[in-house]
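So the protein sequences, as listed, match chains H and V.
One point on numbering: in full-length UniProt numbering, the residue at position 241 of the first sequence is 241, and numbering is uninterrupted.
One point on numbering: in full-length UniProt numbering, the residue at position 105 of the second sequence is 105, and numbering is uninterrupted.
Misleading hints may appear alongside valid ones.
Derived pair list, reagent style SDA-like, types lysine to any residue, alpha-carbon separation capped at 20 Å [stated by the list, open to error]:
#	chain 1	residue 1	chain 2	residue 2
1	V	26	V	182
2	V	131	H	180
3	V	26	V	55
4	V	244	V	227
5	V	26	V	169
6	V	104	H	132
7	V	244	V	265
8	V	26	V	165
9	V	187	V	121
10	V	187	V	204
11	V	104	V	153
12	V	104	V	155
13	V	104	H	27
14	V	104	H	175
15	V	104	H	177
16	V	104	H	176
17	V	244	V	169
18	V	131	H	175
19	V	104	H	45
20	V	187	V	119
21	V	187	V	216
22	V	244	V	261
23	V	187	V	76
24	V	104	V	91
Source of the hints: derived by calculation from the structure; they are not laboratory data.
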Amino acid sequence: MSESELLVETRGQVGRGVAQWRHWGVPLIWLTLLLLLTFGMAQLEALFRLIEPDTRQVLYHRSSLAALLGQHVFVVAVASALAILLGGSAAIAVTRPAGRDFLPLVAQLASIGQTFPPVAVLALAVPALGFGTLPIIVALLLYGLLPIVRNTLAGLSGIDPGVHEAARGMGMTGGQILRQVELPLAAPVILAGIRTSVTINIATAAIGATVGASNLGDPIISGIVNGNTAYIVQGALLIGLLAITVDSTFERLLRRPTSR
Amino acid sequence: MIELFDVTKRFGTETAVDAISLRVEKGEFCALVGTSGCGKSTTLRMINRLIEHSEGEIHLDGQPVRSFNEELLRRRIGYVIQNTGLFPHWTVARNIGLVPRLLKWPRGQVRERTEELLELLGLPREEFADKYPHQLSGGQAQRVGVARALAADPEILLMDEPFGALDPITRETLQRELQDLQARLNKTVVFVTHDMDEALALADRLVVMHQGRIIQQGRPIDLLHDPVDAFVESLLGGMDRGLKEAALTRVSERMAPFGPRLLASERIPYRAPLSQALSVMLWHRVERLTVVDDEDIPIGELSLRRLLGAKPS
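Next comes chain H alone, as it looks inside the complex:
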């Protein structure tokens, strides 16, 4: 390779690097904002005084916001991972020839999961599972299943039948078709479902505070109970920022395959 070619090559790589950095910029800005607020909420004390001039305590102090954020992310991550695993594999199973009979059943079950209000799931889960983090994970899992199941089904069944026919005709095995053809082609739609599911769950997780799971819902519930709007704003602000950070990350992931 000559020197000039090398130069072009390097420049190309640098160019790609910059472009990628810029694409990830939006989620990074939101993430920075989220972390700044989590660790520097105290700097805004004056602002919250304006909202609640008559209250002595305007900054949520019962536990650190960072710990609450960590809890929140943990709960959502566990619930979403389980929902992806469960919903994804259920949707894949019922689109295989052997499981096709169960397709309507699974689609309906997922819909029922969505119509159940999360509060009701919590109310039912607490007697069975006790207070704490477990019931909220169960509620979020059930609530997050539908978008994942629905989108995985839509993504898999939206594949051109000709592509499927050709894959079989060329002698690919079922597993090869799933891994090399179906999942890559359905990925954008499946990812969109996961995005919806995770974003909804970030918001819904806050009600876990009512059954003793400590997360970013704590300041909100506590604010409602004590009539302290500043607490509510602090909790809501962080939840909102978390949701936007995650959502814009997914948006970035979704854009990648098409921008090739």
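Use these hints to put chain V onto chain H, whose structure you have.
Positioned in the frame of chain H, the structure of chain V alone reads:
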């Protein structure tokens, strides 16, 4: 060699293919023709077991297809379908290399073979190898489809209306290319189409199907001369059969050495079909044409009388 013995396929209570027997010799180009729903596609897809037959036996080189592993069987048989079925998320090169990769060929060999096939189908590697299917025209995409089917050099090629979705001009080009390809590669081809002209032009053997049965099979020219019933006759074009037959015969077969007269002013290539010669005569209102070779040099003449010829008995 492909053999079907009394093969039947039922979907529920419906009989799609009804006890058909068929033998396609090695290197033969066999076209299955018939109206939609006559069972021709089903027959084709039973050969590579995309559909399992209900009764009878299907043999490849004397071995029943059921004795092979499904996937291994299909990797040995080229398969081309109407809407190409190219994987949209793979480049042209990767699509073509699919079966060799499934067969675990070494990487270098797969690349070599892919390049060879791009060359063979007239798709320059630099231009096409890294394109994605959506960047191709219909004709180019179907060329890639054919290349993919030929990748592992299968002995048998199954084609299910491969040119059905193309415009007439592209279709004709690809038909000609397929003819040239077949002359070089000499595959055993089973070709499903509802386009009788396509079948007549390409096939060594024509198999006419109707309602799940084979009504007639044989050389195209024999079917034209001697259709077994009114259905086959109408399928073959009814009153237009004369023109279809003329389309199967080349000018070179009827031309005569130069006579004592002056050269006729209108020319016809010796490879052209008689139907084209007739058309030129009709258009210019002449009874004599000069036959020329590939370099446009006169090599003989064709009169209307000779064109009409004596019907072979």
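Checked hints:
1. V:26 - V:182: Between residue 26 of chain V and residue 182 of chain V the Cα gap is close to 12 Å, so the pair holds against 20 Å.
2. V:131 - H:180: Satisfied, since the Cα-Cα distance of roughly 18 Å is no more than 20 Å.
3. V:26 - V:55: violated (24 Å)
4. V:244 - V:227: With a Cα-Cα distance of about 13 Å, the restraint between residue 244 of chain V and residue 227 of chain V holds, given a limit of 20 Å.
5. V:26 - V:169: violated (30 Å)
6. V:104 - H:132: violated (53 Å)
7. V:244 - V:265: Violated - the C-alpha atoms of residue 265 of chain V and residue 244 of chain V are around 26 Å apart, more than 20 Å.
8. V:26 - V:165: violated (28 Å)
9. V:187 - V:121: holds (16 Å)
10. V:187 - V:204: Between residue 187 of chain V and residue 204 of chain V the Cα gap is close to 12 Å, so the pair holds against 20 Å.
11. V:104 - V:153: With a Cα-Cα distance of about 14 Å, the restraint between residue 104 of chain V and residue 153 of chain V holds, given a limit of 20 Å.
12. V:104 - V:155: Cα-Cα ~19 Å, so holds.
13. V:104 - H:27: violated (42 Å)
14. V:104 - H:175: Within the cut-off at roughly 16 Å; holds.
15. V:104 - H:177: holds (16 Å)
16. V:104 - H:176: holds (13 Å)
17. V:244 - V:169: holds (18 Å)
18. V:131 - H:175: At roughly 26 Å apart (the allowed maximum being 20 Å), residue 175 of chain H and residue 131 of chain V break the hint.
19. V:104 - H:45: violated (66 Å)
20. V:187 - V:119: Within the cut-off at roughly 18 Å; holds.
21. V:187 - V:216: violated (23 Å)
22. V:244 - V:261: Violated, at about 31 Å.
23. V:187 - V:76: holds (12 Å)
24. V:104 - V:91: The given pair, whose Cα atoms are some 19 Å apart, holds under the 20 Å limit.
Checked against the numbered hints given earlier, this structure breaks hints 3, 5, 6, 7, 8, 13, 18, 19, 21 and 22; the rest are met.
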